[in-house]
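Trainee: Chains W and P, in that order, give the protein sequences. With the first letter of the first sequence counted as 1, position 139 gets the number 139 in the working numbering; the numbers rise by one all the way through. With the first letter of the second sequence counted as 1, position 840 gets the number 840 in the working numbering; the numbers rise by one all the way through.
Careful: at least some of the hints might be erroneous.
To be verified - Chain W is faced by these chain P residues, among others (derived, beta-carbon under 7 Å):
| hint | residue |
| --- | --- |
| 1 | Thr149 |
| 2 | Ala150 |
| 3 | Lys152 |
| 4 | Glu359 |
| 5 | Phe430 |
| 6 | Ala1027 |
| 7 | Ser1031 |
| 8 | Ile1033 |
| 9 | Leu1103 |
| 10 | Ile1136 |
| 11 | Met1140 |
What the hints assert, rightly or not - Chain W regions said to be covered by chain P (calculated; three or more residues, Cβ under 8 Å):
| hint | region |
| --- | --- |
| 12 | 36-42 |
| 13 | 131-137 |
| 14 | 143-156 |
| 15 | 207-221 |
| 16 | 298-306 |
| 17 | 313-324 |
| 18 | 330-340 |
Just so you know, these hints were derived from the structure itself, not from any lab. Ideal placement from N, C-alpha and C gives every residue a C-beta, glycine not left out.
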Amino acid sequence: MNSHAAGTSNGGSGDAGGAGAGAARRNTRMPKYSKFTQQELPACKPILTPKWVVSVFFIVGVIFVPIGVVSLLAARDVVEIIDRYDEACVPGNMTENKLAYIQNSSIPKDCTRTLMVTKDMKQPIFVYYQLDNFYQNHRRYVKSRNDAQLRDPSKANKTSACEPEKTTADGKPIVPCGLIAWSLFNDTYIFARGNENLTVDKKHISWKSDREHKFGKDVYPSNFQNGSLIGGAKLDPNISLSEQEDLIVWMRTAALPTFRKLYGRIYVDLKENDNITVRLSNNYNTYSFGGKKKLVLSTATWLGGKNDFLGYTYLIVGGLCIFLAFAFTLLYFIKPRKLGDHNYLSWNRHPAGR
Amino acid sequence: MADSPSVTFAADIRSGSKAESSMSSFESFQFQRAGSRIGTPAGVARVSTRRSASERFGSLCDLRDEAARFVYINDAERTSAPPARLPDNSVHTTKYSVLTFIPRNLYEQFHRVAYVYFLILAALNQVPQLGVFSPAASILPLAFVLGVTAVKDAYEDWRRHLSDKTENSRTASVLVGGVFRPKRWKDIQVGEVVRVVANETLPCDIVLLSTSDPTGVAYVQTINLDGESNLKTRYAKLETIPTPPEALAGVIKCEKPNRNIYGFLATVDLDGRRAVSLGPSNIVLRGCELKNTTWAIGVAVYTGRDTKVMLNSSGAPSKRSRLETHMNREIIVLAVVLVLLCSIVSLLTGIWLGDHSDEFGVIPYFRKRDFSSNDPDGTYKWYGASAQVAFTFMMGVIQFQVMIPIALIISMELVRVGQAYFMVQDKHMFDGKRQAKFQCRALNINEDLGQIKYVFSDKTGTLTKNRMEFRCASVHGGDFSDTDGGDGHSVTEEDGVVLRPKTAVKTDPKLVALLKDGAGAKADSARDFFLTLATCNTIVPIVIDGGTADPGVRLVEYQGESPDEQALVYAAAAYGYTLVERTSGHIIIDVFGTRQRYEVLGLHEFDSDRKRMSVIIGCPDKTVMLFVKGADSSMFGVIDKTINSDLVQATEKHLHSYSSLGLRTLVIGMRELSQAEFQEWQMAYEKASTALLGRGNLLRGVAANIERNLRLLGASGIEDKLQDGVPEAIEKLRQAGIKVWVLTGDKQETAISIGYSCKLLTREMTQIVINSHSRDSCTKSLDDAISMVDKFQSFSTDSQARVPLALIIDGNSLVYIFDTDREEKLFEVAIACDVVLCCRVAPLQKAGIVDLIKKRTSDMTLAIGDGANDVSMIQMADVGIGISGQEGRQAVMASDFAMGQFRFLVPLLLVHGHWNYQRMGYMILYNFYRNATFVFMLFWYVLYTGFTLTTAITEWSSVLYSVIYTAVPTIVVAILDKDLGRRTLLKYPQLYGAGQCEENYNLRLFIFIMMDSVWQSLAIFFIPYLAYRKSVIDGASLGDLWTLSVVILVNIHLAMDVIRWNWITHAAIWGSIVATWICVMIIDSIPIMPGFWAIYKVMGTGLFWALLLAVTVAGMIPHFAAKAFKEYFTPSDIQIAREMEKWQDTHDVTHPEVQMSTVVRV
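Whole structure, please, built from the sequences with the hints as guidance.
Mentor: And the structure:
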């Protein structure tokens, strides 16, 4: 049928009006029908019905509140001892001039602090140093490094971006170069409980990935900390960078101006009311910019350190959701509306409006 | 009738003479109030506006030597010799070559201001002191968008290159050394003689020298040029016909190449003899096809890029969408916010530097001093505190640059291409009869289709089919409007073969009887009447082979430029006066079976001043007759009313009744010329037609001189049928709150009756008619109209049923109103009326009316039309739509969108326009939001880095954020999301109001989404910040957490606002979160990046996951709660319709037919 119709209508081109339908199908530029081209792909059309809104809020609340409680409990379990020592370790006669104290290498920097354990602490106990007001995320600071140089001994000369600790005064490249390495933290701590020495395990305090891929096994420090201004720790030129774990930790620059860095771990359980004696050498200069130094002993949980904030966040968000669930339920009862009722359409509500 | 109306607008049409004018030849139509007086005539006016334009063109331009091109026939070398340097016939539509692609493409792309902004920022970034990003990262986003566009352009250009290549290597037969030899198209030179055979396409613009017809006639089809499928007649000059082409020598002096395809002005000088003038009828243009002519020989005058078709192949006009204009307003707001953020940062930097001024020489993280050099005062990146503050400001601009969304511009382009694809593919907008797809010519105003408030429509060819049917005749004062006389007489024997007109016309038996057997004055008049119809035209009869099943019958098709003339000739054939043959010198008419030869002695073409055409015919009995047909307004002025005043009155009465039926009317008159008169005319005619200066004016004068004291024969009524679905479409548009104005050249009565039949006018409407013959009466009726409007409006405030008003105004009155600066009043009246009908308006007046609305309101206007007379209106309106119809492609060429039928306006506006607007509005808002969220998040961090514009997020993630991490979902959603289904949108046209009152994009929504953006950035930044305070967290890990949080959050925000989820949406949204994750992992797997391995490390901690969840939920709560509240308690119409759609879905699926039928009835 169709083919016959098509044949005849090819002759009479202009007057195809009547013969159209059947004939057009064969020889036509009509867009091919598909659900895609007609924008009729099967689709789900979610609508925020009262049931959905209330259950979403309720379910979120029900999930969040317990997580909040658990996180809070976890954070409470963490025992944390913080001791700020930068003020206390300045000798009494030099409190007025701390800079002179720290910059004078002839003054001994040893200092002893006693910490009281407030609660039983299970091993491993993490030893951190905490710096306040130290902008390790300062633009001038974070950029002042060269990662290529740290990996590859042949790239020792690549010191671009390392200003102002790029080369020594006579032009030799510094390895590791840059402000970050230069300002390496150099306070040290020795712990003792009574007469018993608590050894601090300083192995594997840095990321494994850093040790293996980022800091070369055959890259050795050279010309480091030779300038007229000493920024911090010196490095043993005979130990490869991948084993200088304090440097590796320090080079993972902190995100925020108050930060902790892992110093080591103590694999000994501490009892409540134990007195820990810390002999520290207070070498690092934070006095020039009003920074604080703190020593932190802390246990850890799955959530990290002692921080209540996450728990509170979950409790507040969860609580808010449950509140909203109730509020919406109430509103839906007070002012109900039938969904999809065409009487609510504006032109049906005010017939004269248009 | 005393002050015979005249149209002077054509005097403004001169742009065609300038080759450099950038648009179509109608571009320079300017609305000149003083210049234009009265509209086009009824009837045949439409087609002829452009004919008269071309004719006028010829007369206005005198051809000076320096403005002319000299073509030496058969001597291409001399023709192209310096200084002429004419191009060969190759065409290059490509924009680029391999070498020029990169510079040219970049040059074109950088016309966008936004790109220049980003280029400047990228350049600033290269200054060492300002280097926020590494050089590679800083140019990546710009390079990416430039690259995408360049690849698109290159592909398009490659396609053009291929088509050029095929075109250039076609062959034509060219006279070389006295013989016609095949030659490739691209090698044809100006001056060469080209031979074309039937059904071949012309390779270049040629002046005809001779054809297979002894009188030098050639028929061409110009469908490739202007879309008109009917045949046009072209003539070779009698002077050139006898000479064989190889012996021909001479010089053609013609105008420089120009765009005017309906104009040509030249003279040919053969061997130093008298110069013969050439006109548009002597040139055949490249792209035309030769038809019904065995061969034609001509000389190439314009080749390659000089040909008129190439000069006319310019792109679509460029307009700017309303949404984009509004978008720029918000971009300025964002720019202010950007400056504010940078100022805050630099101010704080200044304070910080002041506080620490004595320390930073040695502060480990600042270290102003550089000890590595020998200079004791050496500093490291230190230029003084004030310079630091200034640098901080500029670095801030670079760091926060995405506040102005770069990806938005390219996204909008991609989205519009996608939307255009779906509009073109929509089978509901496919015209099956003409096989015409919807065309998107302008790619930048898709979303404007959703905001239209005024539709200005042409009538003929737009509302109606422009397929004319002869319906009734008034002959000698008698009305013949019955149609039960069968399909007419119509059969003519010729060599045993029956000829039958292709279109049958219903005849009136009384009239048939009168013609056959009648006697007396009435019967003579009737015979002359139909003789006039058969002779007074430019129709070419063409016999089609095999048109019918019966081999003994052949169909005659009447081809011509005017549908009215076709209808009249078909009618004459039905009544026994069959036009059988036409050559340039004579026509043969079969009168009731006897063939008679009529010499065509002269022909005065239609022009819009005279509004009539006439032929001077030498009859078989050696008398000379003048046959005239024309618009009633012009004809009654030249009719000798003293002969029979009753007849005139009766005819006028009939005319009135015809036009109130909606018929197009023509008045027919004739006069016998005495020998003296004829000779006097002949001399004047010859003189005029060979004149070089002002030929058109002279010819018009000759015509006006002879067309007088006519004997009235009668009048004809031609019906122009409404297109399918027009009344329903208008009803729908009206329900959608769109005001439909009809602007037509027809008479008032015709316009009103068409208005009724297409439901534009209804019986309950109160009509305000302004139809004045003088300034004073016009002023008065306008004042009356205003008081009437006021009266009705005061009614309507309290009563529910408002009386709808309709304004009917004619071109005359419009001229007076525009002349006397009463536009404001007219505007008041027009705005108050539901329907406005303007009749007898000239093309320029149409544009003026559109301008009237455009200037005074901020409402969007749309003009739709099909003819050249609508071009000015289409270009004036915010959105111009061309109907690809019977009247050529002028309107389509000027339009932004083109389609086959008026009724497609309904799906175009109500469905696609609505969608496009909703999608685009949401996409712009979302792009602002998503970039602002990111910037705010960066900003909060900067406050904790000593105000030094450090980011925890890697620079690669920051530059990829807006181009890769979050770009695809918004583009996909903006192409595919639908707030409502097609069926719902058509069922409730009122839903279109959302676009008209800018519901999807406005300042309020912008402020809301920006507040959301601030809240979410706070959640993203501060929840992890507070959780990680005083911990060992490193910058890279926290940065990765922030990157992922912001990407997840903005994608979930989008997901929450998506209305229809199909698999593509799912893939895009969830896919881009996965892609982001993968990108972050890849970046963190590069050992020399400072943040090496951070993501893997941080993903191993519980806190990371807990924070990610907390950020996402806390960030989304306000948006979710606000959305839930708004949708339930203050629902928009769209929201309710969505709910209806959802709950009634099952019903619709089972009874789709029922649904459809109710749609129609509503």
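Trainee: Look at each hint and say if it fits the structure.
Mentor: Cross-check of the supplied hints:
A cut of 7 Å between beta carbons decides the hint on Thr149 (chain P): the least distance to chain W is about 25 Å, and the hint is violated. Taken as an interface hint, Ala150 (chain P) does not check out: its beta carbon lies about 28 Å from the nearest beta carbon of chain W, beyond 7 Å. Annotation: interface hint on Lys152 (chain P) violated; nearest CB of chain W at approximately 21 Å, more than 7 Å. Interface restraint check: Glu359 (chain P) against chain W, minimum CB-CB distance 5 Å, threshold 7 Å, status holds.
Hint status for Phe430 (chain P): holds, given a least beta-carbon distance of 5 Å to chain W, under 7 Å. Below 7 Å, beta-carbon pairs count as interface contacts, and Ala1027 (chain P) has one with chain W at about 5 Å; its hint therefore holds. Below 7 Å, beta-carbon pairs count as interface contacts, and Ser1031 (chain P) has one with chain W at about 6 Å; its hint therefore holds. With 7 Å as the threshold, the beta carbon of Ile1033 (chain P) comes within range of chain W, its nearest partner Cβ sitting at about 5 Å, so the hint holds.
The interface hint given for Leu1103 (chain P) is met, as the beta carbon of that residue sits about 5 Å from the closest beta carbon of chain W, less than 7 Å. Restraint check, Ile1136 (chain P) versus chain W: the minimum CB separation of about 5 Å is within 7 Å; hint holds. Among the interface hints, the one on Met1140 (chain P) holds; its C-beta lies about 4 Å from the nearest C-beta in chain W, closer than the 7 Å criterion. Under a criterion of three residues with beta carbons nearer than 8 Å to beta carbons of chain P, the stated coverage of the region 36-42 of chain W is upheld, 5 such residues being counted.
For the region 131-137 of chain W, the stated coverage by chain P holds: 4 residues have a C-beta nearer than 8 Å to a C-beta of that chain, and at least 3 were required. Coverage of the region 143-156 of chain W by chain P holds. Counting CB-CB distances below 8 Å, 4 residues qualify, and the rule asks for three or more. Counting residues of the region 207-221 of chain W whose C-beta sits closer than 8 Å to any C-beta of chain P gives 5, which meets the bar of three, so the coverage hint holds. Counting residues of the region 298-306 of chain W whose beta carbon lies closer than 8 Å to any beta carbon of chain P gives 4, which meets the minimum of three for the stated coverage.
Chain P is given as covering the region 313-324 of chain W, and this holds because 6 residues of the stretch bring a CB closer than 8 Å to a CB of that chain, at least three being needed. Coverage of a stretch by a chain is defined here by at least three residues with a beta carbon nearer than 8 Å to that chain's beta carbons; for the region 330-340 of chain W and chain P the count is 6, and the condition holds.
Against the hints set out earlier in the document, violations occur for numbers 1, 2, 3.
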